[in-house]
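Novice: Protein chains in written order, with the numbering used here: chain A, -1 to 195; chain B, -1 to 195.
A few of these clues could be false.
What the hints assert, rightly or not - Within a straight-line C-alpha distance of at most 25 Å, the following computed DSS-like cross-link-like pairs (lysine-lysine) qualify:
{"hint": "1", "chain 1": "B", "residue 1": "Lys188", "chain 2": "B", "residue 2": "Lys42"}
{"hint": "2", "chain 1": "B", "residue 1": "Lys69", "chain 2": "B", "residue 2": "Lys42"}
{"hint": "3", "chain 1": "A", "residue 1": "Lys69", "chain 2": "B", "residue 2": "Lys69"}
{"hint": "4", "chain 1": "B", "residue 1": "Lys99", "chain 2": "B", "residue 2": "Lys132"}
{"hint": "5", "chain 1": "B", "residue 1": "Lys79", "chain 2": "A", "residue 2": "Lys99"}
{"hint": "6", "chain 1": "A", "residue 1": "Lys140", "chain 2": "A", "residue 2": "Lys79"}
{"hint": "7", "chain 1": "A", "residue 1": "Lys99", "chain 2": "A", "residue 2": "Lys79"}
{"hint": "8", "chain 1": "A", "residue 1": "Lys132", "chain 2": "A", "residue 2": "Lys99"}
{"hint": "9", "chain 1": "A", "residue 1": "Lys42", "chain 2": "A", "residue 2": "Lys69"}
{"hint": "10", "chain 1": "B", "residue 1": "Lys42", "chain 2": "B", "residue 2": "Lys79"}
{"hint": "11", "chain 1": "A", "residue 1": "Lys99", "chain 2": "B", "residue 2": "Lys188"}
{"hint": "12", "chain 1": "A", "residue 1": "Lys42", "chain 2": "B", "residue 2": "Lys69"}
{"hint": "13", "chain 1": "B", "residue 1": "Lys42", "chain 2": "A", "residue 2": "Lys69"}
{"hint": "14", "chain 1": "A", "residue 1": "Lys79", "chain 2": "A", "residue 2": "Lys132"}
{"hint": "15", "chain 1": "B", "residue 1": "Lys79", "chain 2": "B", "residue 2": "Lys140"}
{"hint": "16", "chain 1": "A", "residue 1": "Lys42", "chain 2": "A", "residue 2": "Lys188"}
{"hint": "17", "chain 1": "B", "residue 1": "Lys79", "chain 2": "B", "residue 2": "Lys99"}
{"hint": "18", "chain 1": "A", "residue 1": "Lys79", "chain 2": "B", "residue 2": "Lys99"}
{"hint": "19", "chain 1": "A", "residue 1": "Lys79", "chain 2": "B", "residue 2": "Lys140"}
As the list claims (entries may be wrong) - Now the in silico label distances, taken between C-beta atoms and shown as ranges:
{"hint": "20", "chain 1": "A", "residue 1": "Gly142", "chain 2": "B", "residue 2": "Pro14", "range": "29 to 39 Å"}
{"hint": "21", "chain 1": "B", "residue 1": "Val187", "chain 2": "A", "residue 2": "Gln161", "range": "54 to 64 Å"}
{"hint": "22", "chain 1": "B", "residue 1": "Lys99", "chain 2": "A", "residue 2": "Arg43", "range": "37 to 47 Å"}
{"hint": "23", "chain 1": "A", "residue 1": "Gln161", "chain 2": "B", "residue 2": "Ser80", "range": "24 to 34 Å"}
{"hint": "24", "chain 1": "B", "residue 1": "Gly181", "chain 2": "A", "residue 2": "Pro158", "range": "52 to 62 Å"}
{"hint": "25", "chain 1": "A", "residue 1": "Ala45", "chain 2": "B", "residue 2": "Gln161", "range": "45 to 55 Å"}
{"hint": "26", "chain 1": "B", "residue 1": "Glu4", "chain 2": "A", "residue 2": "Ala88", "range": "20 to 30 Å"}
{"hint": "27", "chain 1": "B", "residue 1": "Asn104", "chain 2": "A", "residue 2": "Asn16", "range": "22 to 32 Å"}
The hints are simulated quantities; they were obtained by calculation from the structure and are not laboratory data. Even glycine gets a Cβ: it sits at the ideal position worked out from N, Cα and C.
There are 2 protein chains.
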Amino acid sequence: MRALQEMILQEGRVLPNNILQVDQFLNHQVDTLLMEQVGIEFAKRFAEENVTKVLTLEASGIVPANMTALKLGVPLIIAKKSKSLTLAHALFTADVHSYTKRETSNIAVAENAIHIEDRILIIDDFLANGEATKGLLTIIEKAGATTVGVGIVIEKSFQPGRQWLDENGIRVESLARISSLQGGTVAFVKESALIEE
Amino acid sequence: MRALQEMILQEGRVLPNNILQVDQFLNHQVDTLLMEQVGIEFAKRFAEENVTKVLTLEASGIVPANMTALKLGVPLIIAKKSKSLTLAHALFTADVHSYTKRETSNIAVAENAIHIEDRILIIDDFLANGEATKGLLTIIEKAGATTVGVGIVIEKSFQPGRQWLDENGIRVESLARISSLQGGTVAFVKESALIEE
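Start from the sequences and build out the full structure, keeping to the hints where you can.
Specialist: Following this line, the structure appears as structure tokens:
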């Protein structure tokens, strides 16, 4: 998605340990008009899939997931990172390990939020090691529902998450695919390259 | 806002300790079309205020704040509850005490996200004791920016947050004002009552 790639080149900052900081338009200050375009794009790509619900994990995936669900005209489910006081007692849960935060957290979705006939689209801001996505897939599996695919705003294609999803036959649509952050420079995967390396 | 009040009566569950569970349409499963209407309503009420940015606190305020910012055509700023690895180093911070979670957390906004000329609209899902709102007001004050008002999806008018904001001359627009949850029944403040008590 060209506008997204341009924004990454313009506003993204490469930090140590292969972290791409996108706090100017995605994770902290949010460009709401760009995120509407992101939602429109995901809704278009998954238009034939009869999606019944969009699923994401709090907190940084919420905005693109919200826009996608709105454009598809379906509810959004926000998986919670810890048991909230007001969350229903019957829960589907999964463990998610964060390499950046070096901790494993338990994520949860209320059992009455996902049903066996649901066709779920997972949306997240980043795909790196794929741990968050695997946790969401586990929850969908426990609910007996169908995963129609995964929509990712920014994919770090040099980390193992994408390959794992491909090998497991799960459709992935990433709006920006980054092949490398080496030397502090953002390089995109060539198939979707805005600027050829 | 009539559609919101109807949804609260239909789907809200009153739990012990004056907790109103709205996991069916606001906090966990999100009714994205209703939240679009919420955004349109806030944008209408604050249309004359020349809002430059919408500010909220992660995670449950993000959806209504995102919809409001989109409808106003301005960026959204999501205050973070803990220092994120990828957040900028120069931060405006404030302490926020949660009565339900019985903990005080530090919230932060990057200094480069709010400028002195900004006119900020705070949006949150709930107003009860007002602690989260006070923390966001502190951050806006530290940045030297202007608070144009506070938009709340569900106000618990029987708790002290609303009165504190009124006494401090801060404009508050709440789409549903709840006067009581006693006996497990939702009662609305009469000025906006859908069903008269």
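Novice: State for each hint whether it applies.
Specialist: Outcome of the hint check:
1. Our distance criterion of 25 Å between C-alpha atoms is met by lysine 188 of chain B and lysine 42 of chain B, whose separation comes to about 22 Å.
2. A hinted pair counts as satisfied when its Cα atoms are at most 25 Å apart, and lysine 69 of chain B with lysine 42 of chain B qualifies at roughly 9 Å.
3. Of the supplied pair hints, the one linking lysine 69 of chain A and lysine 69 of chain B holds, its CA atoms being roughly 14 Å apart against a limit of 25 Å.
4. With a CA separation close to 17 Å, the supplied pair lysine 99 of chain B and lysine 132 of chain B stays within the 25 Å bound.
5. Proximity of lysine 79 of chain B to lysine 99 of chain A is assessed by CA-CA distance (about 14 Å); at most 25 Å being required, the pair is judged to hold.
6. A hinted pair counts as satisfied when its Cα atoms are at most 25 Å apart, and lysine 140 of chain A with lysine 79 of chain A qualifies at roughly 17 Å.
7. Distance hint between lysine 99 of chain A and lysine 79 of chain A is fulfilled; the C-alpha atoms sit about 13 Å from each other, no more than 25 Å.
8. About 17 Å separates the Cα atoms of lysine 132 of chain A and lysine 99 of chain A, which keeps this hinted pair within 25 Å; it holds.
9. Between lysine 42 of chain A and lysine 69 of chain A the CA atoms are separated by roughly 9 Å; this keeps the pair inside 25 Å, and the hint holds.
10. Taking the CA atoms of lysine 42 of chain B and lysine 79 of chain B, the gap is about 29 Å. The hint is violated against a cut of 25 Å.
11. Of the pairs offered as hints, the one joining lysine 99 of chain A and lysine 188 of chain B is violated, with about 48 Å between alpha carbons and a cut-off of 25 Å exceeded.
12. For the hint linking lysine 42 of chain A to lysine 69 of chain B, the alpha-carbon distance of about 21 Å falls within 25 Å, and the restraint holds.
13. A distance of roughly 21 Å separates the Cα atoms of lysine 42 of chain B and lysine 69 of chain A; the hinted pair therefore holds under the 25 Å criterion.
14. Simply put, lysine 79 of chain A and lysine 132 of chain A have alpha-carbon atoms about 14 Å apart, close enough for the 25 Å limit, and the pair holds.
15. At most 25 Å may separate the alpha-carbon atoms for a hinted pair to count; lysine 79 of chain B and lysine 140 of chain B meet this at roughly 17 Å.
16. With a C-alpha separation of about 22 Å, the suggested pair lysine 42 of chain A and lysine 188 of chain A falls inside the 25 Å cut-off, and the hint holds.
17. With a CA separation close to 13 Å, the supplied pair lysine 79 of chain B and lysine 99 of chain B stays within the 25 Å bound.
18. Annotation: proposed proximity of lysine 79 of chain A to lysine 99 of chain B holds, straight-line Cα distance about 14 Å (limit 25 Å).
19. Between lysine 79 of chain A and lysine 140 of chain B the alpha-carbon distance is near 30 Å, which puts this suggested pair outside the 25 Å criterion.
20. Between glycine 142 of chain A and proline 14 of chain B the Cβ separation comes to about 32 Å, which falls inside the hinted range of 29 to 39 Å.
21. At about 55 Å, the beta-carbon gap between valine 187 of chain B and glutamine 161 of chain A stays in the expected band of 54 to 64 Å.
22. A hinted range of 37 to 47 Å for the beta carbons of lysine 99 of chain B and arginine 43 of chain A is consistent with their spacing of about 38 Å.
23. For the pair glutamine 161 of chain A and serine 80 of chain B, the beta carbons lie near 31 Å from each other, so the given range of 24 to 34 Å is met.
24. Distance hint for glycine 181 of chain B and proline 158 of chain A: a CB-CB separation of about 54 Å, consistent with the stated range 52 to 62 Å.
25. The hinted range of 45 to 55 Å is satisfied by alanine 45 of chain A and glutamine 161 of chain B, whose Cβ atoms lie roughly 49 Å apart.
26. A hinted range of 20 to 30 Å for the beta carbons of glutamate 4 of chain B and alanine 88 of chain A is consistent with their spacing of about 26 Å.
27. The beta-carbon spacing between asparagine 104 of chain B and asparagine 16 of chain A, approximately 27 Å, falls within the hinted interval of 22 to 32 Å.
Comparing the model with each numbered hint stated earlier shows that hints 10, 11 and 19 do not hold.
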